[in-house]
Amino acid sequence: MPDLPPSIDAQLFELDADGRPTLFAGRDRDTGRVVFPPPADPDRFETIALPRDGRLWSWTVQRFRPKSPPYAGPEAFEPYAVGYVELGEAIIVEGRLSGVTLDGYRIGMPMTLVAEPFAMAGGETRTTFAFAPIAGAAR
Amino acid sequence: MSDVFIVGAGIHPFGRTPERSGLQQGVHAVRQALAGAGLAWSDMRFAFGGSDAAGKADTMVSELGLTGIQFINVANGCATGGSAMFGAYSTIKSGEFDLGIAVGFDKHPRGAFDPKPAEWGLPDWYGETGLMLTTQFFAMKIQRYMATHGITSTTLAAVAEKAFDNGALTDHAWRREPVDRDTILNATMVSDPLTKFMFCSPAEGAVALIFASEKRARELGLPAVRLRAAAVRSRPPGSFEVFSPALDIARGSSPTVIASSAAYEMAGVSPGDIDVAQLQDTETGAEIMHMAENGFCADGEQEAWIAEGRTRIGGSLPVNTDGGCLACGEPIGASGLRQVYENYQQLTGQAGARQVPGTPRLGYSHVYGAPGVSAVAILER
Numbered sequence: 010m011p012d013l014p015p016s017i018d019a020q021l022f023e024l025d026a027d028g029r030p031t032l033f034a035g036r037d038r039d040t041g042r043v044v045f046p047p048p049a050d051p052d053r054f055e056t057i058a059l060p061r062d063g064r065l066w067s068w069t070v071q072r073f074r075p076k077s078p079p080y081a082g083p084e085a086f087e088p089y090a091v092g093y094v095e096l097g098e099a100i101i102v103e104g105r106l107s108g109v110t111l112d113g114y115r116i117g118m119p120m121t122l123v124a125e126p127f128a129m130a131g132g133e134t135r136t137t138f139a140f141a142p143i144a145g146a147a148r
Numbered sequence: 171m172s173d174v175f176i177v178g179a180g181i182h183p184f185g186r187t188p189e190r191s192g193l194q195q196g197v198h199a200v201r202q203a204l205a206g207a208g209l210a211w212s213d214m215r216f217a218f219g220g221s222d223a224a225g226k227a228d229t230m231v232s233e234l235g236l237t238g239i240q241f242i243n244v245a246n247g248c249a250t251g252g253s254a255m256f257g258a259y260s261t262i263k264s265g266e267f268d269l270g271i272a273v274g275f276d277k278h279p280r281g282a283f284d285p286k287p288a289e290w291g292l293p294d295w296y297g298e299t300g301l302m303l304t305t306q307f308f309a310m311k312i313q314r315y316m317a318t319h320g321i322t323s324t325t326l327a328a329v330a331e332k333a334f335d336n337g338a339l340t341d342h343a344w345r346r347e348p349v350d351r352d353t354i355l356n357a358t359m360v361s362d363p364l365t366k367f368m369f370c371s372p373a374e375g376a377v378a379l380i381f382a383s384e385k386r387a388r389e390l391g392l393p394a395v396r397l398r399a400a401a402v403r404s405r406p407p408g409s410f411e412v413f414s415p416a417l418d419i420a421r422g423s424s425p426t427v428i429a430s431s432a433a434y435e436m437a438g439v440s441p442g443d444i445d446v447a448q449l450q451d452t453e454t455g456a457e458i459m460h461m462a463e464n465g466f467c468a469d470g471e472q473e474a475w476i477a478e479g480r481t482r483i484g485g486s487l488p489v490n491t492d493g494g495c496l497a498c499g500e501p502i503g504a505s506g507l508r509q510v511y512e513n514y515q516q517l518t519g520q521a522g523a524r525q526v527p528g529t530p531r532l533g534y535s536h537v538y539g540a541p542g543v544s545a546v547a548i549l550e551r
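So the sequence lines, in the order shown, correspond to chains F and S.
Counting from 10, one number per residue, gives the positions in the first sequence under this note's numbering.
Counting from 171, one number per residue, gives the positions in the second sequence under this note's numbering.
It cannot be assumed that every hint is accurate.
[What the hints assert, rightly or not] Short, incomplete list of chain S residues facing chain F, as computed with Cβ under 10 Å:
no.: 1; residue: Gly281
no.: 2; residue: Asp284
no.: 3; residue: Glu298
no.: 4; residue: Ala317
no.: 5; residue: Gly320
no.: 6; residue: Leu355
no.: 7; residue: Thr358
no.: 8; residue: Met359
no.: 9; residue: Asp362
no.: 10; residue: Leu417
Treat the hints as calculated values from the structure; they're not laboratory data.
Note that the Cβ used here is the ideal one computed from N, Cα and C, for glycine as well.
Build the full structure now, drawing on both the sequences and the hints.
Next comes the structure, spelled out in structure tokens:
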């Protein structure tokens, strides 16, 4: 497994030998409803792995630096894209987007889950999850 | 059970007033409402009041008078004003008291709101990695809506242009200069597809409304409007709300849809009967989507409605006649009451340069906020 910085939240995802992440969610044992992030309530929710691939449901670009707290990124600010990705029949998950220029996102485009470094204001780095367009995928 | 009337209204101008605290602005609004109605603070039998970020409403008794009044503080986030009004409505309707007041005020620092994840039941990483912004939610909701229902950026800009035109006619508005459509479209992008002129800003201001029973309203002989419906609703399954790390695949309706249906049913009227509407316009897309969520048109029809100017003063359904949140800013605790204040002014023919022509009879107001709460009121002259 590649040597990646610590995760933003150990319960959220795991990385395989190639550094590819899998997101976890909770499935309600009674209703089957899928919940993300996974609730810390094993009696009610079983932990499941979410599909990695999906389609972009909506997106925007964060063009001003969010207030700190809660934002933990560095003072020097670069705009970033965020979006919701519909992961098969399971759930629609929000995350940062990466992989193309900020004007390169379109609703419906195929996306896949990736691990991303996230720089903190203090200088350290964490690993978070993000979604990136699948290169060359049919629209 | 009594019918409920609004017999007086006061406002502290919205915007920024560095020399006055939020609480003092609230006192100003109460005094103006009382003076306009020729009533004294000692005539008030009850009060409901609140702010989101500017202190405890009931402390204003030290300014207004220690009459021993039943004063209930309301703290319900973005629906604080709507909830204060609902309290007043229920109190009169039940017959408990026959005259009282609802007041909402606020004073926020500049810039976007900075919520704390734990207070919303969310993990720290959600805020730390830059996902916890109301602006992102609004942008992504309208982005999806535009793609699904064929709404264009020109229509987004037309809504802001109308807001500033109406604000220019409104004494209590903050933004009082018209801004043309091209300037709005070409301004700095804040969160795509929304530019800086398409978002409202947190601000300051205060509103007070005096409520009376039917008997008391008749005795007072003041310009009065009947509160035909007041409904506050939280979110149903599958709605799309602020601060959602994930959404269910099965999409549902919204707190606005259910609050709206409840209000129409309570009032026994339909959307086509409404003469003037104040709809939550945190940003221009919100006004567009809320036109449909409140039943005034089908999804996608806004494109034609707005191109034809139907929501302008003088159109078939004037919307946000005082410029709404876009021109007035959003002091959370006062914003919902401002909408009702505006409908009171319109229905009693006191709206001056922005008066809707043709003696409007039914006024509709709708406030929406995090984490998925809507309040709707229907007034009748």
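Hint-by-hint comparison with the structure:
1. Gly281: holds (7 Å)
2. Asp284: holds (4 Å)
3. Glu298: It holds, given that the least Cβ distance between glutamate 298 of chain S and chain F is near 4 Å, below 10 Å.
4. Ala317: holds (5 Å)
5. Gly320: Constraint on glycine 320 of chain S not satisfied, violated at 13 Å.
6. Leu355: violated (16 Å)
7. Thr358: holds (8 Å)
8. Met359: With a closest approach of 6 Å, the methionine 359 of chain S hint holds.
9. Asp362: holds (5 Å)
10. Leu417: Given a least distance of 4 Å, the restraint on leucine 417 of chain S holds.
Consistency with the previously given hints fails for numbers 5 and 6, ordered from lowest to highest.
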